[in-house]
Amino acid sequence: EVQILETGGGLVKPGGSLRLSCATSGFNFNDYFMNWVRQAPGKGLEWVAQIRNKNYNYATYYAESLEGRVTISRDDSKSSVYLQVSSLRAEDTAIYYCTRDYGWYFDFWGPGTMVTVSS
Amino acid sequence: QIMLTQQAESLWISPGERVSITCRASQSLLYTDGKHYLSWYQQRPGQTTKALIYHASVRTDGVPTRFIGSGSGTEFTLSIEHVQPEDFAIYYCLQTLKSPLTFGSGTKLEIK
Numbered sequence: 072e073v074q075i076l077e078t079g080g081g082l083v084k085p086g087g088s089l090r091l092s093c094a095t096s097g098f099n100f101n102d103y104f105m106n107w108v109r110q111a112p113g114k115g116l117e118w119v120a121q122i123r124n125k126n127y128n129y130a131t132y133y134a135e136s137l138e139g140r141v142t143i144s145r146d147d148s149k150s151s152v153y154l155q156v157s158s159l160r161a162e163d164t165a166i167y168y169c170t171r172d173y174g175w176y177f178d179f180w181g182p183g184t185m186v187t188v189s190s
Numbered sequence: 152q153i154m155l156t157q158q159a160e161s162l163w164i165s166p167g168e169r170v171s172i173t174c175r176a177s178q179s180l181l182y183t184d185g186k187h188y189l190s191w192y193q194q195r196p197g198q199t200t201k202a203l204i205y206h207a208s209v210r211t212d213g214v215p216t217r218f219i220g221s222g223s224g225t226e227f228t229l230s231i232e233h234v235q236p237e238d239f240a241i242y243y244c245l246q247t248l249k250s251p252l253t254f255g256s257g258t259k260l261e262i263k
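Chains as they are written, first to last, in the numbering used here: chain A, 72 to 190; chain B, 152 to 263.
For the record, the hints were derived by calculation from the structure and aren't laboratory data. Hints should not be assumed to be uniformly reliable.
To be verified - Facing chain B, from chain A, some residues (calculated, C-beta under 7 Å): (1) Gly80; (2) Tyr129; (3) Ala130; (4) Glu135; (5) Gly139; (6) Tyr153; (7) Trp175; (8) Tyr176; (9) Asp178; (10) Trp180; (11) Met185.
Don't be surprised by glycine CBs; every beta carbon is placed ideally from N, CA and C.
With the hints as constraints, model all of the structure from the sequences given.
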């Protein structure tokens, strides 16, 4: 059974940084691209970042609105993906979801981790 | 970037009715392999987001046949026949043709 679980959310002051983790199990992690998607309270889904697998040289892609402040990475030995977000702003307050990427759609999603940016 | 427009923010229908949710792309989502890189997702409170349709019209495993994806080029539709109580949720389209990947703004299905 595919399992995805995000951790690392919490309350952060504006200007601070956060590292979110996504632990997975139940599938061969090495074979898949992974993504982060976020959702601000009461708003829609926003794609944040993608990291491809070793076959694609771990290429990374980012949403234009976040580029320069976020870094996605993965550790295949731990079947985990990470999202480092810096210079946090109030508008970064959201649930952050980790998703498995089947190549042309996001087939499994985690329950998300809440990030609140407030002083 | 490719923009996806879901015109209807909300749709009010009665259980048992048929409903269509549209998603319009700012450019064609057809790739050279002949497939459209457009997928649909369902969000229900307290549940993880669920993929319903990929390549515009292919149902994912276990999705009931009442969910029908259609469309081509820049115009896509998710139809639900004989809407069931559990179908009242928010639906999003997503394009994975080109980075940055983009979602539609979502359409909430509400009980009339």
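Regarding the hint that A:Tyr153 lies at the interface with chain B, is the smallest CB-CB distance below 7 Å? violated, 19 Å
Closest C-beta approach of A:Tyr176 to chain B relative to 7 Å, hint status: This interface hint holds because 4 Å falls under the 7 Å limit.
Residue hint A:Asp178, partner chain B, criterion CB-CB below 7 Å: holds, 5 Å
Should the hint that A:Trp175 touches chain B count as held when the rule is a Cβ pair under 7 Å? With Cβ-Cβ at 5 Å, under 7 Å, it holds.
Would you check whether A:Glu135 satisfies its interface hint, that is, whether its CB is within less than 7 Å of any CB in chain B? holds, 6 Å
So, as I understand it, the hint says A:Ala130 touches chain B; can you test that by seeing if any CB pair is closer than 7 Å? violated, 10 Å
Going by Cβ atoms only, is A:Tyr129 closer than 7 Å to chain B? violated, 15 Å
Hint validity - A:Gly139 Cβ closer than 7 Å to any chain B Cβ: Interface hint status for A:Gly139: violated (14 Å vs cutoff 7 Å).
Satisfaction of the A:Gly80 interface hint, Cβ to chain B closer than 7 Å: violated, 16 Å
With chain B as the partner, please determine if A:Trp180 meets the hint condition of a C-beta pair closer than 7 Å. Holds. Min distance 4 Å.
Closest C-beta approach of A:Met185 to chain B relative to 7 Å, hint status: Given a least distance of 14 Å, the restraint on A:Met185 is violated.
Hint compliance for this structure: hints 1, 2, 3, 5, 6, 11 are not met, and every other hint is.
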